[in-house]
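Visitor: The chain contents come next:
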Amino acid sequence: LAKTTQPISMDSYEGQEVNITCSHNNIATNDYITWYQQFPSQGPRFIIQGYKTKVTNEVASLFIPADRKSSTLSLPRVSLSDTAVYYCLAPPRSARQLTFGSGTQLTVLP
Amino acid sequence: DAGVIQSPRHEVTEMGQEVTLRCKPISGHNSLFWYRQTMMRGLELLIYFNNNVPIDDSGMPEDRFSAKMPNASFSTLKIQPSEPRDSAVYFCASSNNQGAGGYTFGSGTRLTVV
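As they're listed, the protein sequences go chains X and E.
Here my numbering is used: position 53 in the first sequence is 53, and no number is missing along the way.
Numbers given in my numbering equal positions in the second sequence, counted from 1, plus 110.
Looking at chain X on its own, in the form it has when it is part of the complex:
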């Protein structure tokens, strides 16, 4: 399984754009980059997934360079409610199970 490394914590202010970078140097051809978000007292929730270049949805954007050894989750104009732990995963496309790392604790300040 591809090992992912991401910052333990980040602080931001309301209205700012937040970029969380994840490195996955040993990512395999069949692996997809996937991000989950976990609010306190809730289970993780899928945010976005991509294979290469850029993916955008109503919640976030995911930027993946050509070598795919890293990826960046971009949250536009964060609010206090975006305070959560963000997990980067790189499982195979047909993954049967998900293995979570430590995640990045994002704290949005007023």
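Keep in mind that the hints were calculated from the coordinates and are not lab data.
The beta carbon of each residue, even a glycine, is placed where N, CA and C say it ideally should be.
Treat each hint with caution, since some may be false.
[Said to hold, decoys possible] Quick list of simulated restraints, FRET-style, between CB atoms:
| no. | chain 1 | residue 1 | chain 2 | residue 2 | range |
| --- | --- | --- | --- | --- | --- |
| 1 | X | Val-55 | E | Gln-127 | 45 to 55 Å |
| 2 | X | Ala-28 | E | Glu-193 | 33 to 43 Å |
| 3 | E | Gly-212 | X | Ser-74 | 29 to 39 Å |
| 4 | X | Thr-107 | E | Arg-151 | 19 to 29 Å |
| 5 | E | Pro-164 | X | Asn-30 | 23 to 33 Å |
| 6 | X | Ala-28 | E | Gln-127 | 37 to 47 Å |
| 7 | X | Leu-1 | E | Arg-119 | 23 to 33 Å |
Start from chain X and add chain E according to the hints.
Guide: Positioned in the frame of chain X, the structure of chain E alone reads:
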């Protein structure tokens, strides 16, 4: 769909007692997962089922832990006897095997063993 439903939401029990956690997956999902989350160890996969059959239980910490999935709409995780170190939040998740983005987690059961 109401999502993955777990019960109880909170459980406080005395050491040595039996604890049973329950999970109802999303209808149509054919894989079910039990995770445990603590501050020290993060999210750990305990066991997962595919089509009601246990596939990988290598994450189950000890024989005190057991899980069953008698049908596609129900699963239990049992701890007997419980110990204080079992205190954690236990999450159930289900998926439709459509990739890593297809996993849905429940709200968890916070277990406290005193």
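Visitor: Now look at each hint and say whether the structure bears it out.
Guide: Now for the hints, and whether the structure bears them out:
no., hint, in the structure
1, X/Val-55 - E/Gln-127: 45 to 55 Å, "holds, 47 Å"
2, X/Ala-28 - E/Glu-193: 33 to 43 Å, "holds, 39 Å"
3, E/Gly-212 - X/Ser-74: 29 to 39 Å, "violated, 23 Å"
4, X/Thr-107 - E/Arg-151: 19 to 29 Å, "holds, 22 Å"
5, E/Pro-164 - X/Asn-30: 23 to 33 Å, "holds, 25 Å"
6, X/Ala-28 - E/Gln-127: 37 to 47 Å, "holds, 45 Å"
7, X/Leu-1 - E/Arg-119: 23 to 33 Å, "holds, 32 Å"
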